[in-house]
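What follows is the residue order along each chain.
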Amino acid sequence: MIRIIYLLLFFILYISTSFGQQAVSISGYISDFHSGERLAGASVYSLNNKSGSSSNAYGYFRLAAVKAGTQQVVISMLGYRPDTLSLTIHKDTFIEVKLISKTASLAEVAITDFSKRNLHVSQMNKVGLSPAEIKSLPRFAGEVDVVKALQLLPGVKAGREGSSDFQVRGGGPDQNLILLDGVPIYNSSHTLGLFSVFNADAIKTVELSKGGFPSRYGGRLSSVLDIQLKDGNNDHFRFDVSAGLISSKLLLEGPLKNKNTTFMIGARRTYLDLINSIRQAGSGSSNNYNFYDLNAKISHRFSEKDRLYFSIYSGNDRLALKYANNNDLDKRNNSIAWGSVTSALRYNHLFNDALFGNLTLTYTNYQFKIDNQTLDKDDKTDYTLSYSSKIKDAGVKMDFDYIPSNNHFIRFGSNAVMHDFQPNVTSIKSMDDGDTLADTAYNRNVVKAFEYYLYAEDEIRISRKLQANVGLHFSGFHVQQKNYTSLQPRFSLNWMLTNNNAIRASYARMSQYIHLLSATDSGSPADIWVPSTNSIEPQNSWQSTIGFARVLENSRFEFNVDAFYKEMNHVIEYKQGATFLATDSEQGLIDEASQSFETKVIAGKGTAYGAEFLLRKKEGKSFGWVAYTLAWSNRNFEGINNNEVYPYSYDSRHNLSVVMNHHLSKRIRVSGTWVYSSGLPATVQLSSYGYYDENGIKESLENVNVRNNVRMKSYHRLDLGISFVKQKKRGERSWNISVYNAYNRKNPYFIESGQQGAGANGKTKMYQYSLLPVIPSFSYSYSFR
Amino acid sequence: MKSILSSKNSYPFRHRIAGSVKNVLLLCVPALLVLSACETVIEIDLPVEKPKLVVNSIFNADSLLTVNVTKSRPSSESGHDFETVENAIVEVFKDRQSLGILSYHGKGNYKTLNKFPNEPSAEYAITVKAPGFNTAETRESMPLKPVISAVQVEADRQNSLKTSKEFKTRFILHDPAESNFYFLRAWLVNKKGDRSPVNVSLRNILGQFSPLRSEPLKIYVFDDKSFNAKDLNIELDIQTYIASSDLSQYSISIEIASIPKSYFDYLYSVKKQFEDIPLLEPKNLPLSNNIQNGLGVFAPYNAVGSSFDLIQ
Chain A
56 MIRIIYLLLF FILYISTSFG QQAVSISGYI SDFHSGERLA GASVYSLNNK
106 SGSSSNAYGY FRLAAVKAGT QQVVISMLGY RPDTLSLTIH KDTFIEVKLI
156 SKTASLAEVA ITDFSKRNLH VSQMNKVGLS PAEIKSLPRF AGEVDVVKAL
206 QLLPGVKAGR EGSSDFQVRG GGPDQNLILL DGVPIYNSSH TLGLFSVFNA
256 DAIKTVELSK GGFPSRYGGR LSSVLDIQLK DGNNDHFRFD VSAGLISSKL
306 LLEGPLKNKN TTFMIGARRT YLDLINSIRQ AGSGSSNNYN FYDLNAKISH
356 RFSEKDRLYF SIYSGNDRLA LKYANNNDLD KRNNSIAWGS VTSALRYNHL
406 FNDALFGNLT LTYTNYQFKI DNQTLDKDDK TDYTLSYSSK IKDAGVKMDF
456 DYIPSNNHFI RFGSNAVMHD FQPNVTSIKS MDDGDTLADT AYNRNVVKAF
506 EYYLYAEDEI RISRKLQANV GLHFSGFHVQ QKNYTSLQPR FSLNWMLTNN
556 NAIRASYARM SQYIHLLSAT DSGSPADIWV PSTNSIEPQN SWQSTIGFAR
606 VLENSRFEFN VDAFYKEMNH VIEYKQGATF LATDSEQGLI DEASQSFETK
656 VIAGKGTAYG AEFLLRKKEG KSFGWVAYTL AWSNRNFEGI NNNEVYPYSY
706 DSRHNLSVVM NHHLSKRIRV SGTWVYSSGL PATVQLSSYG YYDENGIKES
756 LENVNVRNNV RMKSYHRLDL GISFVKQKKR GERSWNISVY NAYNRKNPYF
806 IESGQQGAGA NGKTKMYQYS LLPVIPSFSY SYSFR
Chain B
55 MKSILSSKNS YPFRHRIAGS VKNVLLLCVP ALLVLSACET VIEIDLPVEK
105 PKLVVNSIFN ADSLLTVNVT KSRPSSESGH DFETVENAIV EVFKDRQSLG
155 ILSYHGKGNY KTLNKFPNEP SAEYAITVKA PGFNTAETRE SMPLKPVISA
205 VQVEADRQNS LKTSKEFKTR FILHDPAESN FYFLRAWLVN KKGDRSPVNV
255 SLRNILGQFS PLRSEPLKIY VFDDKSFNAK DLNIELDIQT YIASSDLSQY
305 SISIEIASIP KSYFDYLYSV KKQFEDIPLL EPKNLPLSNN IQNGLGVFAP
355 YNAVGSSFDL IQ
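Those protein sequence lines, which keep their order, are chains A and B. Just so you know, the first sequence maps onto residues 56 to 840 in the working numbering. Just so you know, the second sequence maps onto residues 55 to 366 in the working numbering.
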């Protein structure tokens with residue numbers, strides 16, 4: 056390991072000493088004119104030098120080695136009006152640039168060649184969605200949903216109908232690193248997966264990497280979803296409110312004290328339980344469900360070089376079922392709750408104009424809990440059963456951006472996280488006649504693990520036409536006296552064939568030390584996160600991609616095609632028939648409670664390959680995209696399907712998404728999405744035989760020894776939306792009407808066989824269950840200036 | 055000794071508390087969605103699976119061996135009955151020595167003519183050959199007979215209409231050190247020796263289950279995870295529906311048997327298949343199977359029993 060560290064340090068020093076000398080430079084921050092939000096990924100281009108750079112995640116840029124004298128510098132970013140600065144410089148110069156958003160005006164603005172970020176190496180295998188794009192899509196039950204928007208992109212597959220989990224390029228839902236302001240999120244959905252936990256109002260940027268991962272990312276095999284929260288408006292105080300069928304939201308943001316401090320608070324809550332509590336008032340019984348989430352961020356600028364951020368996310372779902380008889384003598388309280396708190400304290404420091412540093416302390420607390428209590432005061436009996444799954448993480452992270460020249464953008468850093476896992480704690484308390492009969496907890500032990508990584512990468516401009524990102528990611532995991540380490544080379548290459556065309560290729564190795572065990576593939580909160588242990592090895596993968604990108608019509612359109620191949624090892628699944636929680640018998644309860652999760656899983660292999668096509672129009676009165684994915688995804692586990700390769704549960708051959716938005720006028724906006732997926736695999740009985748006891752055959756048993764042996768029907772759905780926007784005296788008012796599943800397609804949720812007809816003429820038929828019919832919804836929002 | 059889940063009304067509590075975990079999860083779906091799920095019958099081209107031999111044999115050490123041989127039925131075919139295999143050659147082995155070929159007695163049953171000697175730990179095997187099928191094979195060891203003591207019986211209560219009467223029975227099960235698996239059942243036996251299963255409510259054993267929903271109270275299956283290598287006081291309520299005047303014509307026979315793990319796994323997988331819950335449990339669970347090149351279960355068991363008359 057020491058060698059690896061030396062290797063990384065040498066790599067960094069070599070790069071920095073080789074390219075560290077330059078004359079005059081222009082550096083500074085790029086931010087939004089109205090809100091003051093720092094803008095990541097903005098292009099900075101010197102017309103005199105014919106060289107450019109771009110801003111980092113905190114809006115900082117450095118344009119090195121520019122000639123002293125008058126410089127024409129163009130700053131541009133998608134969705135903003137480009138700004139051309141005329142600067143007379145004789146020494147290193149620091150500037151603050153504010154770009155004006157184009158959203159207020161729909162005027163088309165030509166984008167200059169150098170801003171074709173789609174052709175840049177940093178954009179390979181990456182797709183981004185702006186909050187405006189996400190909000191423009193048709194809504195489900197009145198809710199704007201980030202993950203549902205991502206599911207419309209090529210290579211991204213939705214989970215089961217309506218769910219807010221996703222699979223990327225044949226990977227599992229646990230193989231997505233979901234970062235909220237740099238902190239991993241373990242559970243990304245509310246309401247059993249129907250809604251994602253991300254409040255679109257509080258989000259600044261959303262970027263999804265599907266392959267060719269830069270070295271700064273690690274810990275998951277298949278994707279990185281990087282969501283940045285707004286910092287808060289530093290110009291004026293403002294707030295948004297909105298109300299839908301399910302929930303209401305509020306966003307407050309603004310400056311504090313000389314505009315050096317900004318804050319943002321976004322909150323969302325459902326009100327089904329509030330309505331129910333009124334309806335159920337006075338009765339001893341109640342059934343309630345709610346979820347809430349809260350995003351808050353505060354940042355303070357100490358100087359141009361120092362800035363401190365604190366962000367926190369807290370979200371929770373809770374379903375409570377209570378019963379009590381009239382005299383309160385007999386009570387039953389059942390509840391299920393899951394949620395997490397994540398927080399990050401980040402300190403930005405600009406060491407010099409070439410070196411930008413970032414120190415982050417992170418904390419995550421995720422918990423899923425079921426409580427059941429049966430109380431009988433007459434009998435003095437009290438039985439309580441609790442089940443919980445918890446993860447606590449505390450980490451520290453250091454990231455540095457070093458920009459020695461316009462041809463190198465070097466990132467390096469490290470991360471260390473202490474994990475505390477309690478994957479499946481079951482406790483039983485029992486009192487009878489006032490005597491305590493049992494007070495037992497199974498699997499209470501905390502599995503402690505230490506995860507760390509070091510990385511270094513360089514985004515190199517080898518020539519005007521050739522760019523590369525090369526790097527190393529070294530990670531380790533220490534658990535139960537066992538050390539796992541992994542050295543992961545990463546490589547991306549981008550070759551500009553012409554000004555409008557580029558071909559690209561990438562290779563990445565990844566390791567993953569924590570795993571999600573899912574019995575149902577339905578996004579249940581009962582899916583539990585477990586660590587690698589002595590007997591469960593980390594997952595690892597390698598992925599290679601090759602692609603082509605083209606921009607058309609002066610950057611109004613972009614076209615991408617990417618082919619990928621991915622191999623995954625030590626992917627884990629439950630053994631045949633093993634579960635953790637859902638059981639109807641004491642035997643099941645004891646089995647689940649007393650056995651370690653390690654005894655219930657098996658490890659196997661996976662492969663995924665395919666091609667993705669994306670034609671996208673990002674600007675103008677009409678915008679949207681068409682995405683098509685042709686893909687295969689397989690799994691191979693010893694003991695399943697006679698050890699033969701079988702299709703993964705989310706293997707879908709053809710996936711097509713058509714997304715259209717059109718601004719009919721300044722006040723009326725319409726949108727529509729249509730998705731098609733060929734049928735998912737399912738497991739059904741292909742034969743039956745008799746259940747026998749000593750008196751003969753009694754029942755028919757299903758012979759199900761081959762997993763994923765049939766395909767369900769294809770899935771398709773049309774969603775429509777229309778928004779009526781009106782500028783008012785104090786802000787903007789918006790009504791949105793959406794229709795989910797507009798032509799009421801009965802899409803398969805699951806299928807099972809059953810007997811149709813009785814007696815000898817009874818026939819085995821397949822029954823398909825569908826979940827979400829046509830669902831109209833509306834929502835109202837008001838954005839106060 | 056009281057079970058941690060026992061109480062005056064322990065039976066409902068036991069099941070309520072175990073089931074409530076599932077119930078909470080199960081309630082989530084309809085409670086949250088407020089959306090109508092719908093079911094449609096669809097046509098799907100299913101791969102055609104060739105029928106396999108289904109070999110079932112569950113036998114006590116002191117009983118005749120019966121091997122039932124049928125065919126599995128592809129899902130594309132209709133009907134409830136399973137086709138019997140009448141031309142099979144069924145051979146029995148004990149400790150790898152052939153005990154002979156069984157004779158066919160109709161309804162797919164092949165039987166021995168003599169009882170097996172009770173030889174604990176002996177390995178029994180059968181092969182089944184039938185035209186058009188691969189030879190099905192299986193082997194399993196006869197478990198040790200369970201040891202019980204201190205059997206006590208008392209009449210408990212009679213309902214107001216005097217149509218049912220409960221008997222409370224207690225005994226001690228001495229569990230050996232290794233993992234052990236059991237079933238327990240009771241019979242109502244008339245003077246002619248005809249037996250019919252009776253409802254049993256079993257206390258004191260954490261982890262018990264009945265494989266079939268249709269007769270949840272007639273047989274209990276359990277393992278010794280909660281009392282391994284200990285003496286366990288077992289208490290069971292047996293409910294009879296006999297007119298008071300006829301009580302003297304009947305006796306109750308209780309049977310507790312050691313079973314091999316493969317049989318326990320089979321019964322457990324049967325139970326899990328019948329309780330499969332959409333959305334929350336794995337769909338279409340496979341059944342445990344100890345028949346090579348076939349389906350079914352080969353299950354020697356070793357039982358010990360106790361009988362008592364209903365009028366004491």
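None of these hints come from the bench; they were simulated from the model. Given the structure is predicted, the values throughout are model-derived calculations rather than measurements. Please note that the accuracy of each hint is not assured.
Said to hold, decoys possible - Listed below are the simulated DSBU-like cross-link pairs for lysine-lysine, each with C-alpha atoms no more than 30 Å apart in a straight line: (1) B/Lys169 with B/Lys315; (2) A/Lys784 with A/Lys630; (3) A/Lys259 with A/Lys314; (4) B/Lys219 with B/Lys165; (5) B/Lys284 with A/Lys753; (6) B/Lys272 with A/Lys157; (7) B/Lys222 with A/Lys432; (8) A/Lys484 with B/Lys169; (9) B/Lys279 with A/Lys445; (10) B/Lys165 with A/Lys447; (11) A/Lys153 with A/Lys721; (12) B/Lys199 with A/Lys424; (13) A/Lys753 with B/Lys104; (14) A/Lys484 with B/Lys104; (15) B/Lys219 with A/Lys435; (16) A/Lys190 with A/Lys672; (17) B/Lys148 with A/Lys484; (18) A/Lys181 with A/Lys432; (19) A/Lys630 with B/Lys246; (20) B/Lys279 with B/Lys199; (21) B/Lys284 with A/Lys435; (22) B/Lys246 with A/Lys753; (23) B/Lys104 with A/Lys630.
Discussion item. What's the verdict on B/Lys199 and A/Lys424, does the C-alpha distance respect the 30 Å limit or exceed it?
Written reply: violated (42 Å)
Worksheet item: CA of B/Lys148 to CA of A/Lys484, is that 30 Å or under?
Response: violated (48 Å)
Discussion item. Check the hint pairing B/Lys222 with A/Lys432 against an upper bound of 30 Å on the C-alpha distance.
Written reply: holds (26 Å)
Worksheet item: Are the Cα atoms of B/Lys165 and A/Lys447 separated by 30 Å or less?
Response: With Cα atoms ~61 Å apart, B/Lys165 and A/Lys447 exceed 30 Å; violated.
Discussion item. Need the status of pair A/Lys630, B/Lys246: alpha-carbon distance at most 30 Å?
Written reply: violated (49 Å)
Discussion item. Would the hint linking B/Lys284 and A/Lys435 be met if the CA-CA limit is 30 Å?
Written reply: holds (29 Å)
Worksheet item: Between A/Lys484 and B/Lys169, is the straight-line Cα distance small enough, at 30 Å or below?
Response: With Cα atoms ~48 Å apart, A/Lys484 and B/Lys169 exceed 30 Å; violated.
Worksheet entry | Pair hint B/Lys219 and A/Lys435, alpha-carbon separation not exceeding 30 Å | holds (28 Å)
Item to complete: Take the C-alpha atoms of A/Lys153 and A/Lys721, compute the straight-line distance between them, and say whether it is at most 30 Å.
Response: With a Cα-Cα distance of about 25 Å, the restraint between A/Lys153 and A/Lys721 holds, given a limit of 30 Å.
Worksheet item: Taking 30 Å as the top limit, are the C-alpha atoms of A/Lys753 and B/Lys104 close enough?
Response: holds (23 Å)
Worksheet item: B/Lys169 and B/Lys315: Cα distance at most 30 Å?
Response: holds (23 Å)
Item to complete: Starting from B/Lys284, check that the Cα of A/Lys753 is at most 30 Å away, please.
Response: Violated, at about 35 Å.
Hint compliance for this structure: hints 2, 4, 5, 6, 8, 10, 12, 14, 17, 18 and 19 are broken, all remaining hints hold.
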